[in-house]
Amino acid sequence: MSAPAPAPPLPDAGGHFGPYGGRYVPETLMHPLLELEAEYFRAQQDPDFQAELTYYLREFCGRPTPLYFAERLTRDLGGAKIYLKREDLLHTGAHKINNALGQVLLARRMGKTRIIAETGAGQHGVATATVAAMFGLRCVIYMGAVDCERQALNVYRMKLLGAEVVPVHAGQKTLKEAVNEAMRDWVTNVRTTHYILGTAYGAHPYPVMVRNFQRIIGDETRRQILEKEERLPDLLLACVGGGSNAIGLFYPFLEDSAVRMVGVEAGGEGILPGKHAARFHGGSLGVLQGTRSYLLQDEHGQIQLTHSVSAGLDYAAVGPEHAWLHDQGRVEYTYATDAEALEAFARLARLEGIIPALESAHAIAECLKRAPQMPRDALIVVNLSGRGDKDVAQAAAQLQLQMPI
Amino acid sequence: MNRIEARFQHLRARGQKGLIIYIGAGDPDLEATRQLALAFDRAGVDVLELGVPFSDPLADGLVNQLASQRGLAAGATPPRVLETVAAIRRDSQIPIVLYVYFNLLHRRGLGEFIADAARAGVDGLLVLDLPPEEADSYQALMREAGLCAIWLVAPTTPEERIARIARRASGFIYYVSREGVTGMQERVSDTIAAMTARIRAHTALPVAVGFGISNPDQARLVARHADAVVVGSAVVDRIARLGRAPDLVEQVAGFVQSLAAAVKGGEGGSGAGTAG
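Residue numbers (my numbering), protein chains in the order written: chain L, 1 to 405; chain C, 406 to 681.
Hints are computed from structural coordinates only; laboratory data are not their basis.
Worth double-checking, as some hints may not be accurate.
[What the hints assert, rightly or not] Covered by chain L, per the in silico footprint, the following chain C stretches (three or more residues, Cβ under 8 Å):
no., stretch
1, 476-488
2, 549-563
3, 648-657
The C-beta atom is built at its ideal place from N, Cα and C for all residues, glycine as well.
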């Protein structure tokens with residue numbers, strides 16, 4: 001008996017991860033996406049491009065980020081040994097700049113002079129505004145009006161960096177509407193403009209391109225844990241909005257069957273329509289903003305409202321590669337509620353002196369549940385995808401109600 | 406024969422240009438949609454393009470986004486839009502194209518949506534965010550149901566894509582005359598003559614031109630190069646401003662009549678002959 005043929009690499013030529021992904025956009029964007037795809041794959045093979053990316057990641061962004069042993073958290077939970085991948089220590093404060101930098105270098109190769117992006121929590125907007133400033137490119141950031149309010153600090157940061165921030169008032173005024181507006185801008189200015197999509201979502205080649213720009217998180221983690229522990233971790237944890245920090249951590253470990261992986265979605269106020277953003281718990285297959293994946297929709301296919309305390313996870317759809325990994329059973333997807341995330345936020349701050357982003361706090365919340373159930377020689381890596389400075393005002397207001405100090 | 410094909414055959418035989426009018430279904434309510442459709446038929450409209458409201462209309466400018474919201478608020482779900490088409494069919498044979506975002510088909514099931522549409526009396530679908538690359542099963546189901554699959558060609562569409570799209574198209578080709586979302590503009594694009602000629606090199610189908618045509622003068626200008634002119638936002642904008650005014654249908658139909666006169670009046674001749 002011959003061994004089964006190896007599975008074909010994903011995504012396929014059309015950007016499909018099994019039944020997910022693809023390219024569902026108006027005709028005006030098709031040619032630009034095909035051009036982007038061709039240029040991206042050329043750049044990926046180009047040693048000069050890779051050298052330039054590596055240079056800026058190291059010198060400008062501060063890579064590699066530490067894989068930090070969270071000693072007091074480990075002791076407090078009394079189970080598995082917990083490491084934190086410190087993407088929060090990157091320049092601008094989150095993993096988003098890995099992708100923004102890669103894409104801005106690509107935009108320059110393509111001769112684009114104007115950069116646009118959507119942002120939810122503002123971290124991707126800040127990262128994009130930063131790299132645009134660094135290369136002297138015009139920059140427009142679309143952000144839901146509700147998010148502008150709850151992430152005001154990041155709005156000021158983007159403005160300081162010279163970006164124009166456009167509040168989006170349509171629909172529920174959060175990330176999904178910001179993406180719609182960015183796509184409308186792109187379709188209108190496509191000859192001069194590159195759209196730096198911030199997560200592993202959207203039409204091909206975005207999901208694969210963003211994953212590849214973010215896989216450095218997992219590549220470093222793998223090297224670092226082998227140095228420190230001389231073995232691979234037992235469990236990887238990451239929060240999942242669109243899913244870029246999670247896929248970045250998970251991807252280099254997918255072939256290691258002993259490494260379990262859990263993606264943590266936003267459970268909001270609980271799994272009721274309009275109260276959460278847990279697409280694998282109440283979502284169904286659909287097509288939104290360029291790709292086919294799990295999304296929150298009503299019986300007719302209208303996209304449902306979402307809620308999360310964390311603006312970066314407050315999104316109705318999830319990246320197509322996550323949908324594929326979910327169906328394969330390779331990655332498990334769970335959720336943390338707003339209350340659990342806030343508790344994790346406060347706990348990490350007090351125990352470790354690290355204030356996590358509310359997004360990342362969802363992954364910490366899952367760690368709080370799992371670590372005590374695991375033996376002391378087990379290893380967990382949590383992706384601390386961003387820092388929580390932006391969330392302090394919001395968290396302070398909420399925590400005072402829920403746990404008076 | 407499909408009503409769209411029959412209508413264009415008729416226009417071609419008479420050496421006339423066509424007028425396609427877009428409105429959002431359920432704006433301000435579905436009964437108004439029915440009455441507008443019947444009034445458009447009387448006013449000389451050749452094809453009614455009916456937008457099915459969607460929560461995230463990312464190819465649309467503000468005017469049509471707001472129409473979509475009003476449609477959703479009025480309860481214009483896909484089944485109710487199809488009921489309205491069936492109601493129009495009782496009184497009119499005006500060709501009807503649904504302008505729709507793919508998720509609404511996907512959610513119902515492609516086969517089911519297409520069969521429902523055909524049964525209700527729809528003649529064609531224009532799925533905004535479904536490119537030919539993802540459309541194999543869609544195409545087969547559309548052919549089976551006898552519906553025209555209307556495809557867009559954009560200013561950014563290169564030659565080989567035009568050829569590929571033309572091979573799949575039926576009814577007519579819709580040339581989006583500028584990069585951007587739907588909406589009105591001051592002047593019409595100057596690339597229309599060249600692009601319509603390029604499209605005709607690949608197909609004998611009629612070429613309709615739309616996006617941004619807002620008044621009779623522009624419509625007349627575009628009709629020199631196109632087989633049909635599409636006017637959307639300018640009509641939707643009037644509906645928005647009139648709202649539930651008692652003379653809504655009369656007023657909008659009057660505007661549409663002026664567009665029809667501009668498109669059809671005077672200038673005859675085949676589209677191909679005037680394209681250069």
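Cross-check of the supplied hints:
1. 476-488: Held - the stretch 476-488 of chain C has 4 residues with a Cβ nearer than 8 Å to chain L, which meets the minimum of three.
2. 549-563: holds (count 8)
3. 648-657: violated (count 0)
Figure legend: structure checked against the earlier numbered hints; the only hint not met is number 3.
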